[in-house]
Amino acid sequence: MNELIPLMVIVPMMAALLLSAFSKYEKFIRILALVVAICLPIIPLLSNYGLHYFGGYQPMTDNVTNIIYHPAITYSFNFMQQIFIGMIGLLTFLVVFIYLTKYKNVSGPYLFLLFMGTAAVTALLLTDDIFHMFVFFEILALAQVGIVAASSIDYSYEMALKYMILGSIGSPIMLLGIGFLLAITGTVNVTDIVAIIRGGLIDATSPVFLLSLGLIFFGWLYASGLPPFHTIKSGIYSKAEPHGAALLQSFTVISMISIVLIMFRIYSTLPIFEVLIVLFSVIAMILGVSMALTQTDFRRMIGFLAVGELGFIGLGIGLGTQFAITAGLFQALNEIVITALLFIGFGAIVNATNEVDTRKLGGLLAYHPKVGIMLLVGGLAMAGVPPLSGFQSKLMLVQASLSCGFPELSILAIMVSIATFVVFVKTFYSMFLSPKPHDLEVVDKDVPKAMVFAMFVLLVVIIALGLFPDVVTSGISNYVGGLLL
Amino acid sequence: MMAETQLAILFTSIALVVIGLYAAIFVDNIIKKIIGISFIEEGANLFIVGIGYKAGGIVPILTPDMDPTWFASHASYPLPYGLVLTSIVIGASTLAVMLALVMVLYRKYGTLSTSVMLADTSKQEEYNE
Amino acid sequence: MKLYDQIFDVVKKFKKLFSPGPVTNADVSGSLTAEIFIIVSIVIASLLLRHISVLLAGLVTLILAVVLITSIPLIPKFKIEQEDSLNKMLFYAIITLGLIAVFLYWGGLLV
Chain A
14 MNELIPLMVI VPMMAALLLS AFSKYEKFIR ILALVVAICL PIIPLLSNYG
64 LHYFGGYQPM TDNVTNIIYH PAITYSFNFM QQIFIGMIGL LTFLVVFIYL
114 TKYKNVSGPY LFLLFMGTAA VTALLLTDDI FHMFVFFEIL ALAQVGIVAA
164 SSIDYSYEMA LKYMILGSIG SPIMLLGIGF LLAITGTVNV TDIVAIIRGG
214 LIDATSPVFL LSLGLIFFGW LYASGLPPFH TIKSGIYSKA EPHGAALLQS
264 FTVISMISIV LIMFRIYSTL PIFEVLIVLF SVIAMILGVS MALTQTDFRR
314 MIGFLAVGEL GFIGLGIGLG TQFAITAGLF QALNEIVITA LLFIGFGAIV
364 NATNEVDTRK LGGLLAYHPK VGIMLLVGGL AMAGVPPLSG FQSKLMLVQA
414 SLSCGFPELS ILAIMVSIAT FVVFVKTFYS MFLSPKPHDL EVVDKDVPKA
464 MVFAMFVLLV VIIALGLFPD VVTSGISNYV GGLLL
Chain B
6 MMAETQLAIL FTSIALVVIG LYAAIFVDNI IKKIIGISFI EEGANLFIVG
56 IGYKAGGIVP ILTPDMDPTW FASHASYPLP YGLVLTSIVI GASTLAVMLA
106 LVMVLYRKYG TLSTSVMLAD TSKQEEYNE
Chain C
262 MKLYDQIFDV VKKFKKLFSP GPVTNADVSG SLTAEIFIIV SIVIASLLLR
312 HISVLLAGLV TLILAVVLIT SIPLIPKFKI EQEDSLNKML FYAIITLGLI
362 AVFLYWGGLL V
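Residue numbers (our numbering), protein chains in the order written: chain A, 14 to 498; chain B, 6 to 134; chain C, 262 to 372.
Since the hints were made in silico from the structure, they are not lab data. Every value quoted in this text rests on a predicted model; they were computed, and no experiment measured them. Ideal placement from N, C-alpha and C gives every residue a C-beta, glycine not left out. Do not rely on the hints blindly, as some may be mistaken.
Chain B regions said to be covered by chain A (calculated; three or more residues, Cβ under 8 Å) [said to hold, decoys possible]:
1) 32-45
2) 52-65
3) 77-90
4) 107-115
Next comes chain A alone, as it looks inside the complex (with noise of 0.2 Å):
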């Protein structure tokens, strides 16, 4: 069923639409955010496998050179695409749920912002071409300010200004990468690009085609939160509330990688590509990690986490080949799952004590042992260790590393491991074990049931991809082969 393919796309497109229209009608909207939001996961599942082209305008080829022409937009579906839509499908559907649950008064606005910010990622993964990626790309940015700034924490109009602000910089200068690949190649469709590079139509050395991706390059740091852009990013996932950030999270993974495998099928041919990523993941990796050792606040903290998190997924895809790129994106799926068990979990604590500052918080433990328990999977999931799915991603990074000459690489992963472990373990005794402070008032007794059951439901997906972690690669092993011939 081809058909379905435009559906992942247009499905929590229309539902944000509709749930913005009829916002007045509160038990409406409720009942179609929940309906969509099963959808969501199922859809990608009932698909086929294959190509969809809009508006009907098959490939054309050209009788003369003999090279194919895509004229419509291209969405095209494969197990890649299949597995992180349907994880991004669930998580939409968990934030979903615990949105519904927790508030009386929903708001059709911030459900609107929600599944436009799902279809925006689900079409950034989608799609094969450049322009259509520049397109969804804002929508998302939008979305995402839209999401901060709609929680009613101190402060966070101000970080949604500043993201913003950033986000006007770096998508412009993305839109002049765009422009410069454009006027050189005059298509904007992925595949005829690569197809007019391999072919030797234009002067892969040129300096306009390497500024080209410098400009994308740098509208990609901002997409990925990668430094320079580290700080901004860690600073919205702290100021949205929790099932938010846990959105937001899912959306930098699934932007950062998408791209990035569209970078990587255009200029794979020029090693400085790899060079640079590399660079900027390392430099992500540092900074992160130390940075998140030196925070007070809990949630700024698993923000710094997530950024350096990153760093493995871009350590995978820069050193290119077929089992470092798997491991980078088995890596990424690892981590939406696991960050967002992390913010649910701390948002369950914040919203059980109204504090973020770790130095205020103290033995927890006895009043929220369920959750504490399953935050400590989580993190030791994140730490990597075995046999959580964290675990198997990292060795197969490490192995990766060590097999393309890069010993050094994989010592510093494993330092960053360790590190982050260090955070963890830091942060989770200084919330649940150590005594707890005479003035701190345990508010609210029960965690709301729904966010129990969202970690409950991620923690099984963590433990399953630890142990069956083939289901998963091997899959996406024949996709990256694809992708490198």
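Using the hints provided, position chains B and C relative to the given structure of chain A.
For chains B and C alone, kept in the frame of chain A given last:
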């Protein structure tokens, strides 16, 4: 003739981008900063419009009385214009959201200075009781 | 004795980093870990230069190690540069853009 017009377009667009980047760093007033940032956007749009330019070109609409080969060699390239239209719409909505946020923050702080309005807030919020 | 005094001073400087508010044992030890982590990881990362030239890698690693160790504590300096002020973020973003463009234009074909 052809090259001159196109070069002028390209130089203007790059100049707009550079002016915008300058404003983003060195101007303190938030409204002026946002104006500078929208310069970058317009520079990128102008660049893409410039790609599609063709000296003496015709509007890329194929009417039945035209010869397709003649049309193909004389029409300007239509794809960039379609792209720029989308990008202008996006730029306008981004600008609107930014200015709305500035309005809210101006009511809170009573100033438009970036170094006051968007300074580091982590110290205030950590121990504010 | 100068280096010894400096190392001793580090903890005092960390106390300032966390003010206002109490400084707990966990926070200071976390910052110390970060300090050591930053030095070691930057030195190890600089070893990657050996793929360009072994001599260069050796020199850079030694110089970096000496410079980093004599300029402890690094974390307060890093933290000031990475705070939430928009002006600092914009400055670093545009500097990075410039560096990428220059690096690609003149160095793009060397690697």
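Outcome of the hint check:
Interface restraint, the stretch 32-45 of chain B with chain A: holds (5 residues with C-beta to C-beta distance below 8 Å; minimum three). Counting residues of the stretch 52-65 of chain B whose beta-carbon sits less than 8 Å from any beta-carbon of chain A gives 3, enough to reach three: the coverage restraint holds. For the stretch 77-90 of chain B, the stated coverage by chain A holds: 4 residues have a C-beta nearer than 8 Å to a C-beta of that chain, and at least 3 were required. Remark: the stretch 107-115 of chain B is confirmed as covered by chain A, as 4 of its residues place a Cβ nearer than 8 Å to a Cβ of that chain, reaching the required three.
Against the hints set out earlier in the document, no violation occurs for any number.
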